[in-house]
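Residue strings, one per chain:
Number of protein chains: 2
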Amino acid sequence: MNNYGGLLLECEYCKKLEKYNFGDFIFKTKYWIVFLAPQQSNIGTCVVALNRHEEDLSGLKCEEWLEFGELVFKLEYAVKQCFDVTMSNWGSLMNASYLEEPPNPHVHWHYIPRYNHAVEFEGLLFEDPYFGTMKHRPFRSLPDRVRKRIINNIKNKIPQTSLHSHP
Amino acid sequence: MNNYGGLLLECEYCKKLEKYNFGDFIFKTKYWIVFLAPQQSNIGTCVVALNRHEEDLSGLKCEEWLEFGELVFKLEYAVKQCFDVTMSNWGSLMNASYLEEPPNPHVHWHYIPRYNHAVEFEGLLFEDPYFGTMKHRPFRSLPDRVRKRIINNIKNKIPQTSLHSHP
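Chain order of the listed sequences is A and B. Every letter in the first sequence is one number past the one before it in numbering that gives the first Met the number 0, and letter 7, counting from 1, is 6. Every letter in the second sequence is one number past the one before it in numbering that gives the first Met the number 0, and letter 25, counting from 1, is 24.
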């Protein structure tokens with residue numbers, strides 16, 4: 000599956016991002032790019048990567064933090080609408096980059112929706128057997144057509160209003 | 000060890016926070032409270048809790064995100080000065096709260112400094128054998144006097160300048 004939906008193929012920065020294997024492009028904002036993660040044990044799992052090169056969260060600028068906050072709200076809202084998410088885990092680890100020499104980390108967030116119930120989508124069953132804890136799960140890939148439907152569904156549910164307009 | 004260093008004992012909100020067992024009070028800002036986490040397998044591990052009750056990251060306000068960004072910079076800087084941190088993991092999970100009925104989550108972040116080398120402090124050795132990955136480690140508690148020294152050292156290294164004054 001084309002990582003950037005054909006939209007961003009001319010972008011040098013996106014080409015560079017491909018090596019990180021963040022997943023398939025869903026949408027972008029001014030400062031962040033949202034991908035559907037390769038690992039879909041928990042349906043709707045995403046990666047949110049900074050739209051410029053930066054190695055450490057400490058290097059984020061005010062406007063990037065502000066827009067990230069808005070994105071947390073919008074992405075949680077959209078994925079909840081799609082799959083009845085119970086709660087969300089967010090993490091910025093970047094551990095794998097430090098297994099390389101020299102390390103070449105790029106600021107990104109893992110968004111993992113968590114479910115206290117099974118979810119059925121396109122005839123497939125998604126369970127979250129370790130709900131309430133954080134345990135490693137085997138990698139689950141999905142057929143391209145299912146990934147495309149997930150991406151479209153999430154994209155269609157992203158609210159267009161700004162964070163500043165909700166209380 | 001007194002969770003709030005005797006400073007905040009009159010605060011109703013802090014009393015309420017005690018049940019979450021976030022650890023020992025280090026310092027607070029307008030919107031966040033920083034604790035030294037109970038688990039010190041990785042020396043300098045902290046919890047950063049929102050200074051009002053809120054269940055979900057989606058509910059954070061702009062000014063809270065902005066100040067969190069500033070805190071990420073300050074805390075990473077301070078703990079790096081103290082223990083020569085290699086890189087940092089940040090996560091907001093709140094899983095354990097969903098094992099209770101009804102769930103009663105409170106927005107907080109785990110800050111886990113990671114080390115590609117052993118650190119010695121107060122005659123104790125701290126290693127990070129899973130550096131570059133995220134694996135569960137057995138709980139490591141420390142004597143009160145060591146925790147107090149860690150807390151003081153971190154507090155003394157927190158920069159007083161604002162995020163807006165660094166590039």
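Derived by calculation from the structure, the hints in this document are not laboratory data. Quick caveat: nothing in here was measured; it's all calculated off a predicted structure. There could be a bad hint or two in this list.
Which copy is meant is left open, so a pair is good if it fits within one copy or across any two.
What the hints assert, rightly or not - Here are the simulated lysine to any residue pairs, SDA-like style, with alpha carbons at most 25 Å apart:
#, residue 1, residue 2
1, Lys60, Gln39
2, Lys60, Asn115
3, Lys15, Lys156
4, Lys79, Leu98
5, Lys15, Ser161
6, Lys18, Phe72
7, Lys156, Ser57
8, Lys156, Glu54
9, Lys147, His116
10, Lys134, Arg51
11, Lys27, Ser57
12, Lys147, Pro102
13, Lys29, Glu126
14, Lys29, Val118
15, Lys27, Cys81
16, Lys156, Ser40
17, Lys60, Gln159
18, Lys147, Ser96
19, Lys79, His52
20, Lys60, Thr160
21, Lys147, Phe120
22, Lys154, Pro37
23, Lys154, Ser57
24, Lys18, Lys29
25, Lys29, Thr160
26, Lys154, Phe120
27, Lys29, Gln80
Hints and how they fare:
1. Lys60 <-> Gln39: neither (31 Å within a copy, 30 Å between copies)
2. Lys60 <-> Asn115: neither (36 Å within a copy, 27 Å between copies)
3. Lys15 <-> Lys156: neither (28 Å within a copy, 36 Å between copies)
4. Lys79 <-> Leu98: Between. Shortest inter-copy distance 20 Å satisfies the 25 Å Cα cut-off; intra-copy 34 Å does not.
5. Lys15 <-> Ser161: The answer is neither: 29 Å in one copy and 33 Å across copies each exceed 25 Å.
6. Lys18 <-> Phe72: Neither: 28 Å inside a chain and 27 Å across chains, both beyond 25 Å.
7. Lys156 <-> Ser57: Between. Shortest inter-copy distance 16 Å satisfies the 25 Å Cα cut-off; intra-copy 31 Å does not.
8. Lys156 <-> Glu54: between (31 Å within a copy, 22 Å between copies)
9. Lys147 <-> His116: Within. Shortest intra-copy distance 23 Å satisfies the 25 Å Cα cut-off; inter-copy 43 Å does not.
10. Lys134 <-> Arg51: neither (31 Å within a copy, 29 Å between copies)
11. Lys27 <-> Ser57: Intra 22 Å, inter 19 Å, cutoff 25 Å: intra and inter.
12. Lys147 <-> Pro102: neither (32 Å within a copy, 34 Å between copies)
13. Lys29 <-> Glu126: neither (34 Å within a copy, 40 Å between copies)
14. Lys29 <-> Val118: neither (32 Å within a copy, 40 Å between copies)
15. Lys27 <-> Cys81: within (19 Å within a copy, 38 Å between copies)
16. Lys156 <-> Ser40: Result: close within a single copy only, 21 Å intra versus 41 Å inter.
17. Lys60 <-> Gln159: Answer is both; intra-copy 23 Å and inter-copy 18 Å each pass.
18. Lys147 <-> Ser96: neither (28 Å within a copy, 33 Å between copies)
19. Lys79 <-> His52: For Lys79 and His52, only the inter-copy Cα distance (22 Å) is at most 25 Å; the intra-copy one is 30 Å.
20. Lys60 <-> Thr160: both (22 Å within a copy, 15 Å between copies)
21. Lys147 <-> Phe120: within (12 Å within a copy, 51 Å between copies)
22. Lys154 <-> Pro37: For Lys154 and Pro37, the Cα distance is within 25 Å only inside one copy (17 Å; across copies 40 Å).
23. Lys154 <-> Ser57: between (29 Å within a copy, 18 Å between copies)
24. Lys18 <-> Lys29: within (21 Å within a copy, 40 Å between copies)
25. Lys29 <-> Thr160: For Lys29 and Thr160, only the intra-copy Cα distance (15 Å) is at most 25 Å; the inter-copy one is 28 Å.
26. Lys154 <-> Phe120: within (16 Å within a copy, 49 Å between copies)
27. Lys29 <-> Gln80: within (24 Å within a copy, 33 Å between copies)
Comparing the model with each earlier hint shows violations of hints 1, 2, 3, 5, 6, 10, 12, 13, 14, 18; every other hint is respected.
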